[in-house]
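Knowing the structure of chain V, use the given hints to seat chains S and H on it.
Protein chains in written order, with my numbering: chain V, 1 to 141; chain S, 1001 to 1720; chain H, 2001 to 2112.
Note that these hints are calculated values from the structure, not bench results. Keep in mind the model is a prediction, meaning the values are calculated, not measured. Keep in mind that a hint or two might mislead.
[Stated by the list, open to error] From the structure, some residues in chain V lie toward chain S, with a derived Cβ separation under 8 Å:
| id | residue |
| --- | --- |
| 1 | L11 |
| 2 | S29 |
| 3 | A32 |
| 4 | A33 |
| 5 | P35 |
| 6 | P48 |
| 7 | R50 |
| 8 | Q53 |
| 9 | G70 |
| 10 | T91 |
| 11 | T93 |
| 12 | D96 |
| 13 | P97 |
[Said to hold, decoys possible] Covered by chain S, per the in silico footprint, the following chain H stretches (three or more residues, Cβ under 8 Å):
| id | segment |
| --- | --- |
| 14 | 2004-2015 |
| 15 | 2020-2027 |
| 16 | 2098-2106 |
Just so it is clear, CB atoms sit at the ideal spot from N, CA and C, and this is done for glycine as well.
Read off the chains here:
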Amino acid sequence: MNPARKRTVRLTVALSAAVVLASALIYTSFSAASPALTPSQLTRQAQPGRSYQVTGTVAKGSVYRGGSGGAILYFSVEDRAGGTTIPLAYTGTVPDPFREGREVIVTVEKQGSSYIGERNSLITKCPSKYKTAPAGENQNA
Amino acid sequence: MAGLGFACLLLGLAICAYGIGASVYGVRSGRVEFSESGRRSVYALAGILTVAFAVLELAFLRNDFAFNTVASTSSRTTPGFYRAAAVWSSQEGSLLLWAWLLSMWSSLALFLTRRRMRDIASYATAILLGFGGFFVALMVFYANPFATTRPAPAEGQGLDPLLRFPTMMIHPPMLYSGYTLCTIPLAFGMGALLARRVDADWIKAIRRFAFAAWLFLGVGILLGARWSYSELGWGGYWGWDAVENASLMPWLTGTAFLHSLMIQEKRGMLKVWNVSLVLATGTLAIMGTFLVRSGVLNSIHAFGGATLGVPFVCLIGVLIAGSIYLVVSRRDMLRSEHRLDSLISRESAFLANNVVLVGLCFVIFWGTYFPLISEALTGQEASVGPPWFDRYTVPLALVLVLLSGIGPVIAWRRATLANARRSFLAPLATALLTLVVLLTAGVASKPLAIAMFCCAAFVFGSIGQEFFRGVRARRAMAGESVPRAFTGLVRRNRRRYGGYVVHLGIAVLFIGVAASSSFQHASELGLSPGQSTRVGAYTVRYVRPTATITPRYDAAHTGSTLSLGAVIDVSKGGRHVATLNPSEGYYASQEASQGTVGSLIGGQPVSHVSMNAGITRDVWSAIEPDIEAPALQRIVRAGNSALSPEEALVAIGYLAREYLKHPPQAQFHFIVSPLVMWIWIGGLIVFGGGLIAIWPTPSVVRRRVAARSRARAVRGLARA
Amino acid sequence: MSALIAILILLLLGLIVLVVGAPLRAARRGDLEPQPQETLAGHPVQATAAELEVEHDDMEAAREAKYREIRDAELDFRTGKLSREDYEAIDAQLRAEALEILNRLEPVEPPE
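Just chain V, same shape as in the assembly (with noise of 0.2 Å):
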C-alpha cells in the first residue's frame, strides 16, 4: 500500500471510530437525561423509577425537617404561577439561598405515591439581584 493510500485509511477508520464514538454519546445523552418539568407537568406524567428535574418555588410553611437526626429536609414545591403543588423528601446539601418563596430545581423520583429528591440534587436560583434595568430607565446626569 503506497504511502497516500495508507493515510487515507488512516483518516476514514480514525473519522469513522470518532463518529460511532459521537452517536453513541449523542445515544446516551437522551436515555440519560431527565426532563425538566413544573409540578403540574409532573403530576401529569410522572412515572415510577424515571428521575425528573422539577422546577418551581418552594411553597410557603411547607419546609420543616424530620428523619434520624433531621436528615431530611421535607417541602414542597409549586408552580410558578401558582396551582399545584408536589411534597417531597430531600436529604443532602442544602444550597444557602433556600427559603420559601424562592425558585428552585431539584431532581425527583416517584416512589410510590411520594417523590423523594434525588441527593444533592438541590440547586436554588440566587435572588434576581443581578436583572437588567429595562431599557428606557431614567438616566439623567
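Below, chains S and H alone, put in the same frame as chain V:
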C-alpha cells in the same frame, strides 16, 4: 458624575466605529497612517473605559446611591473591601469590567506587535474594536451602569452576602481576563486569514497571546473551583455546573492549540486545524460570557435577564458563520506543507492529545447545552447529570494523562523504535509498582481512581527519566555539577522542560481529583451539644455553641448582624484530628414586613464553612443552626412588637444569649476529602511550568545560540 | 457640577482626537516612512517596501524556529530517544532546511 461615565461610553462607541473604519481602510488601501490611527483608537478606548470604570468604582466607594447599580449591590454597611468588588457583581458593572479588560489587553497586544504584521494587526484591530463596540453598545442600550434614580435612596440593598468572600475580588477579573485574552488570538487568527498570511511570524505572536489566555483562564477557573469548594451548597470543587463547564471549554481547546501550534511551526502541517482551534477558542469564550448572563441555562451563577440573550446569539452566529467562511475560502493557502513522517513521533502524540482534548470539549459541550438541544429536537427540555459527564470525561482524562507521559519520551519527526521501547521501561515500571502498592494497601474498590493513580505514576516516571537523562547529557557535554547542569538544562530548553513541569502538575492535579472524588466521605448529622457520632473512621463531637454579634457598622467583618455556630471536635481512632468552628451568618434585610428585629437577621443567610486543610485530607464542615427554634422565634416576635429600629439590636443580644444557654439541635454537613490540597498544588505547578516555558531567553543568550546554530548549518553545506 | 463635567468631557474628546489623529497629521506633514506604492486591492503590482519587511520578519521567525528544531533534535539524541544513524539523518535534513532559509534571508534585507 454619572453623566461623565455615560459620556465615556458614548465616546467609546464613537472610537470603536472610527477605529474599525480606519483600520480596514488603512490595510486595504496600504495607507499606513490610517492603520496607525486605528491602533491608537484601541489605546484611546482603553483610556476612556478606564475613566468610566474609575467613575463607577468611585461611586461605589463613596456610597453614591443615585447610581442604580450602587443602590442594588452595595450599602453603607458593606465593608469597603467588598464595596470595591461589588462593581462587578451586577450585570451592568460586569459588562464594564469585561469591556475595560478587553480594551487593556488589546492595547497591550497591539502595542507589542506595533512594528510587525502590519496587515494582520490592522484586521485584528478592527475585530477587537468590533468586540469592544459590541459590549459598549450593550451597556449604552441595554444595561447602563450609569443609570441613576433621583432622589437618591438613602441606603442600598447591600452586596449579596454569598459574594462576601475574598475570592470575589480576584475570580471575576481573572476569569474575564482569560475570556478577553481568548478574543485576541481569535482576532489575529481572523486577521491572518483575511490578510492571507498564516506563517512563522504569526505563529510566534499568536503563541504568546494564546498562552496568556490559557494562563489567566486556567487561574480563573481554579480560583472559582477553590471558591465554590469553600461554600455551602457545593462542598465540591466541580459540579458540572453550566457556567463552570463554559469556562473549561475554551481552556481545553486553548491547550490543544498550544500543542498543535508546535506541529505547524515545525512541519507546516495542521494549518486548517490550528486556525479552526483558535477561532473556536474565541467563540467558546464569548459563549461562556453569554451563558453567565443570559439565564438560558440553569446555573448557580444565573445573572438572569433574558434581554441580553438575543444580541449575544447574534454575535455568536456572526462569529461562527464568519469563521467557517474564512476557513473555507482560504483553504488553498492553508494546505499542509508536509505530512506526518511517522506514527511513532512526538507529532503523533500531539495529534492524539488534540483529539482527546477536543473530544473532552465536545462531551462537555454536548452535556452543557443539552437542555437547549433536547428542547430544540424533542420539544422537551431535559438535562444530563454528573453521572453522564463522568462516564465520558473520566476515560478521556485517563488517556490524556497517559499521553502526557508518552509524549516527552518520544523524539520529534520520527523516533527510533528500539530507543522508544527502551525509554518506556522506567515509566511502565513506576506505574506497575504503584499498582502493586495500591492493591496491597487495599484500595481495590475504586478501579478508576487506581487507573488514574497509575497513569499519574507513569507520568512521574517518564518526566523524572527525562530530567535525569537531560542532566546526564549536559554533564557529559559541559562537565558541570548536578545543580548547575539542572538549571542550565532548564534555562536553555525552557519550552521543553517547562512543558514537562506542566505535565507533572497535571498529573498531580488529577491525583487530587481522583482521590477526592472516589474516596470522599460526606454526611449530614444532627447534633446537640455534647453529642458525638461516627462518620466512617472519624468521630465528630459537638463541643459547645458559639454566637457573635457584630455591631452594625463594623467594616472589618463581612457585615453580618448575628452569627450562630458551634465548635466541633473531630478525632480519628482516639487521636484529635481537628477543631472546626462552622457558623451561619444572618444579615440585615430591607423588608420592613419582618419587623424591627426580624429585619436585622432576615436577609440572605450565609454559611461560613470551617475547614481544616491538610496534606493528606481536608476536613470540611458547615452548620445549619435551627434559627426557627421556638425559643428564639419568641424573642424575635417580642422584640418586633416592643422595640423600635434603634433599640432592636438589644434583642439580638438576647437571641445570642438564649442560643448559648439552650442551644437547639443543629444540622451539620461534614465532609472528609482526601488529597484535595494536591489539586491546588498541582495547579500551581502547572502554571509555574507554563511560566518557565514561555519565559523569553535573554537576547544575549539568543544571539549566541543563533550564531552557533548558523555556523553548524553552514558547516553542513561545506560537508555536502 | 454639570458645567465642570461638560468641560471634562470636551477635554477627553479633544485628547482622543489628538491621540488618534496624530498619525494622520504626521502623514500630511510627510513625517512618516516612505509610503508604499498604492496597490489595487488584490492585485499587488510589485513587491512593496512594506511587503518586503513582512517577508523579512517572517523569514527571521522561520530561521529561529528552524534553529530550535536543530537543537531539539540534538537533545533528543543525547537523551537517548534517537539512534545515531537516525539522528544524523534528521540533523542533515534540518541543516539543509536551515540553509535554505538563510539563503532566502540574505538578499531580503529591510530597506534602510
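Quick check: which numbered hints come out false for this structure? 1, 6, 7
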